[in-house]
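Please model the entire structure based on the sequences and the hints provided.
Read off the chains here:
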Amino acid sequence: MVKRQFKIISEAGIHARPATLLVQTATKYNSKVTLEYQGKSVDLKSIMGVMSLGVGHNAKIVINANGDDEKDALNAVSETMEKEGLSK
Amino acid sequence: MTNHSVSVAELVKNTNLNVYYGKEYLDRLITTSDISRPGLELTGYFNYYPANRIQLLGITETSYAKGMANGQLFHVMEHMCQPETPAFVISTKLRPPKELIRAVKTEKIPVLGSELTTSRILSNMTNYLEGKLAERKSIHGVLVDIYGLGVLITGDSGIGKSETALELIKRGHRLIADDRVEVYQQDEHTLIGQAPQILRNLLEIRGIGIIDVMNLFGAGAVRGKTKVDLIIHLVNWSKDAPYDRLGNGNVYKKIFDVKVDQNTIPVKTGRNLAVLIESAAMNYRTRKMGYDVTATFNNNLQKLIQANSKDASYNTSKQKQILRNNKKAIQKNPHLKG
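Residue numbers (full-length UniProt numbering), protein chains in the order written: chain Y, 1 to 88; chain F, 1 to 338.
Not one of these hints is a red herring.
One-sided and incomplete, this derived list gives chain Y residues near chain F with beta-carbon spacing under 8 Å:
{"no.": "1", "residue": "12"}
{"no.": "2", "residue": "15"}
{"no.": "3", "residue": "16"}
{"no.": "4", "residue": "23"}
{"no.": "5", "residue": "47"}
{"no.": "6", "residue": "56"}
{"no.": "7", "residue": "58"}
{"no.": "8", "residue": "59"}
Because the hints were derived from the structure by calculation, they are not lab data.
Since the model is a prediction, treat every value here as computed from it, not as a measurement.
Glycine included, C-beta positions come from ideal geometry on N, C-alpha and C.
Right, dumping it as structure tokens:
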């Protein structure tokens, strides 16, 4: 299992559009990918789950990936986070 | 596809006309929905005479004709009776001029009458003829009436359109057309779909064959035609294709000049398509009624994010404050250290 912590720098937080993109990225991989925020963990492949957290500005989240392509999955998710300006 | 035509008999039946003369000539064909009101023609000006249209005479025309010399009127009327002229219509219960009755005999054109005023019968005939003569397109798909909404299900052959339609019928919805849907534009915003005569009420299910829906499920399970409100496009599930997850896609398909909302639904074992399509139709309906669930959800989400962002900054500043206070306290009272 691999994990990485992110700090959300986007003022708008993880709103509908970036959430959709994160989920789309995670769905491409076989690994189980989860997002942890304030002690709650949701499946990063479930859009309603991700959005239900309402992750805001300055929030700290942890992405976990577990499976045969976990490293690729985590890297891809990190890339999407940066590209969408969610974190550095 | 402009070789459509309507017989005069059909026009008579559908717009409540009576026949003054020429009951046996009613099989003449009408090929255009335009209607001519010959006025200047009565004076002898025939340069732009649209002979292939229905000729509609009202009060003005008949009273002008009354003032004309018999011979001259007959000559003009004869000129108006061309081989392609489908029929004459006299409005407002007026009596057709005798010269007209005499003139139509050569070309065997019927003379019809209406109790309605010229403008009423004109719009009635135009509406009827436009619906009948409009350009038609054949679309591969199934048209079903779901809670009063016309839903056109499209997708590749064998994806399960007819099977889904069958399930929808079992759930109380109505079949309009299976496999081939004939659509035409009624006006700028309305697309009407119906089944070709030969396929009406029929459904073809692989492994069973052709079934007659009206026979099997009753008259309540079928409908002649309906407005096409929504298109549901079925596609095979693919892992990588991005599907509309939130319902903010706003995808249209243009048929003739009408933009029809389209939802693409991926097909996968275990997905009950009938329920999905039913829900899509209801969702479309609520959206049209002014309630957009996606927009409402987005607003709520934004509020939650804002609240969470405030919490986060508040917490960090409070923590910093506590640390600062601690530091000050230690400076004042060094014995507290450790």
